[in-house]
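Using the hints, position chain B against chain A.
Number of protein chains: 2
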Amino acid sequence: MEEKELKEAADLIRRRKKFLVACHVRPDGDTLGSALALANALRQLGKDTVVVSADGVPEIYSFLPDGEDILKETSERAFDVAIVIDCDGIDRVGPALDAVKSARKVISIDHHTNSPPFGDIGLYNTEAAASGEIVLDLIDRLGVTLDERMAICLMTALVSDTGAFRFPNVTPRTFLFAAGLTAAGASASHIARLVYENRSLASARLMGIALAGLKVDKGGDLVWSVLSREDFEKTGAADADTEGVINHIMAVKGARVGLLFREAPDGPAIVSLRSRDSIDVSKVARAFGGGGHAAAAGCIISASLPEAERMALEEARKWMES
Amino acid sequence: MEEKELKEAADLIRRRKKFLVACHVRPDGDTLGSALALANALRQLGKDTVVVSADGVPEIYSFLPDGEDILKETSERAFDVAIVIDCDGIDRVGPALDAVKSARKVISIDHHTNSPPFGDIGLYNTEAAASGEIVLDLIDRLGVTLDERMAICLMTALVSDTGAFRFPNVTPRTFLFAAGLTAAGASASHIARLVYENRSLASARLMGIALAGLKVDKGGDLVWSVLSREDFEKTGAADADTEGVINHIMAVKGARVGLLFREAPDGPAIVSLRSRDSIDVSKVARAFGGGGHAAAAGCIISASLPEAERMALEEARKWMES
Chain A
1 MEEKELKEAA DLIRRRKKFL VACHVRPDGD TLGSALALAN ALRQLGKDTV
51 VVSADGVPEI YSFLPDGEDI LKETSERAFD VAIVIDCDGI DRVGPALDAV
101 KSARKVISID HHTNSPPFGD IGLYNTEAAA SGEIVLDLID RLGVTLDERM
151 AICLMTALVS DTGAFRFPNV TPRTFLFAAG LTAAGASASH IARLVYENRS
201 LASARLMGIA LAGLKVDKGG DLVWSVLSRE DFEKTGAADA DTEGVINHIM
251 AVKGARVGLL FREAPDGPAI VSLRSRDSID VSKVARAFGG GGHAAAAGCI
301 ISASLPEAER MALEEARKWM ES
Chain B
1 MEEKELKEAA DLIRRRKKFL VACHVRPDGD TLGSALALAN ALRQLGKDTV
51 VVSADGVPEI YSFLPDGEDI LKETSERAFD VAIVIDCDGI DRVGPALDAV
101 KSARKVISID HHTNSPPFGD IGLYNTEAAA SGEIVLDLID RLGVTLDERM
151 AICLMTALVS DTGAFRFPNV TPRTFLFAAG LTAAGASASH IARLVYENRS
201 LASARLMGIA LAGLKVDKGG DLVWSVLSRE DFEKTGAADA DTEGVINHIM
251 AVKGARVGLL FREAPDGPAI VSLRSRDSID VSKVARAFGG GGHAAAAGCI
301 ISASLPEAER MALEEARKWM ES
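Heads up: the sequence lines are chains A and B, in that order.
Position 319, counted from 1, in the first sequence is what the numbering used here calls 319; the numbers after and before it change by one each time, with no gaps.
Position 300, counted from 1, in the second sequence is what the numbering used here calls 300; the numbers after and before it change by one each time, with no gaps.
Honestly, the hints are just simulated from the structure, not real lab data.
A portion of the hints provided could be inaccurate.
Which copy is meant is left open, so a pair is good if it fits within one copy or across any two.
[Said to hold, decoys possible] In the DSSO-like style, the derived pairs of lysine-lysine whose C-alpha atoms are separated by at most 30 Å in a straight line are:
#1 Lys234 to Lys215
#2 Lys215 to Lys253
#3 Lys72 to Lys253
Just chain A, same shape as in the assembly (with noise of 0.2 Å):
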């Protein structure tokens, strides 16, 4: 991102008067936080403004202050700025789009790699590790002091893009955003647990049968475990329950390559990969159809779940080995 790209944006934002902050479809911390933020600081400095998030807000996220100002559509239109944040796309908005596209002038905050600029002005940092630090950096320049509640919004952003500081995007930067806004009242601490900490039942014990049903190979190297349909009615807990497992499966040690099948409703077999060490298991998702990225693929394999399990630990074996 340019210095000079930040000071069209805030020249911009002082002229104006009716704004619209948008975050993107299936909403995460970073884009909610982000949003409420600067709708915050829009308002402190006297700006008309409407947050929208065609998805609403994710009850997890029930505990961001001023959540309950985000619509989840306006019929407004003619908004004189539109600000959008953490969008790899203006399409990522979802029915947003149109009141988006209303406005005079588009200003988009990402962070991701890869995001096709779009709008009049685009504050991008690849290197942030989340639109949040970006929305810090825009927040300082308007000029507004940071007061508790943006405290609370930019440190779930924060704590969300980066697993509560433990992914490797953390960078010097965000550690003093976060002791800043610490400083301003946020709690990271209480933050991390109300995202990370908030496990249902089912899913807790749909946890614990993976965990307990752990299989392991080549000395330890390749880990993983199966959750049939019965494991999923047993437990209550429904797929969106096992996000996280497939973390557990690589948190064991020694593992360098951990994957997690279980079986749709449907029938296929679902089946995620992780690896460290630089084996890139997105080839073994594509042998079957699926992709990703080298440490993190997924696929789906129309076959029973024994025939599934057999088949990609195969292949596995094989890209372990090369």
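Leaving out everything else, chain B in the frame of chain A:
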């Protein structure tokens, strides 16, 4: 901690030549990382420095730079200065006590509350999340520049005493220090993985059994699990492998009181208790001769596992209702 003590300690260190740096028994990442970073700084100032850790370096911390220089004991005596780190009492250095007492001067560095002062100079700061923060102050005062090896040691101190920035003891200063350590080459992400995501297969399977068997009562306020001898035997896990299981129990949404019951090899039931929302579980533990804090307590009940479960839950329900 007073500015005065910090200056006194730095002045004393500059004048002397032969140093002992001592860790506490059953060492953690804070005592080890802090001791190694300080020893590194002392050596850069040309001081003869011996580091002792009576219980050595646990395998989980074997990644610490220069960890191989740590001695379990030393026959050397007559140190100019002994610096005792993270000890709430001089006896906590264990068998290194003789060597510590042989020093002409003793400096104690600690962040624990209610730590009884000992030694000639005490660098105490109960606001510090880790003793590593105080060591950072001292290194800075000594005018030694942080190198990557020291940064890794001190980041380990911070990460291990804050649950990787997830405990409520984290302050703005902790995050500021983390920023500096990251800039100096330490990766919080990598260190958190080594310290926290390094479960043995037996331990992961045992955690799975505990989570798969979660029980709840009082509308989800009370969550617990029970591990029998058979569970330990079939996974090959030891009692130490249950570390962290209670945290996963408390991570279940809505849990206000969590308990883990486990059958000791010699019969009695070991009970770990946790709570939030100001429920005091130490009262439950004390009813069975145990102890602890309001939010974290433990006790041993000389009864069969089902009987201990019934007794402790009855007591817990009583305090939850009061």
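Reference check for the pair Lys234 and Lys215, CA-CA at most 30 Å: within, between, both, or neither? both (21 Å within a copy, 14 Å between copies)
Using 30 Å as the alpha-carbon threshold, which applies to Lys215 and Lys253: within, between, both, or neither? both (13 Å within a copy, 28 Å between copies)
Is it within, between, both or neither when you check Lys72 against Lys253 at 30 Å Cα-Cα? between (44 Å within a copy, 26 Å between copies)
Comparing the model with each earlier hint shows no violations; every hint is respected.
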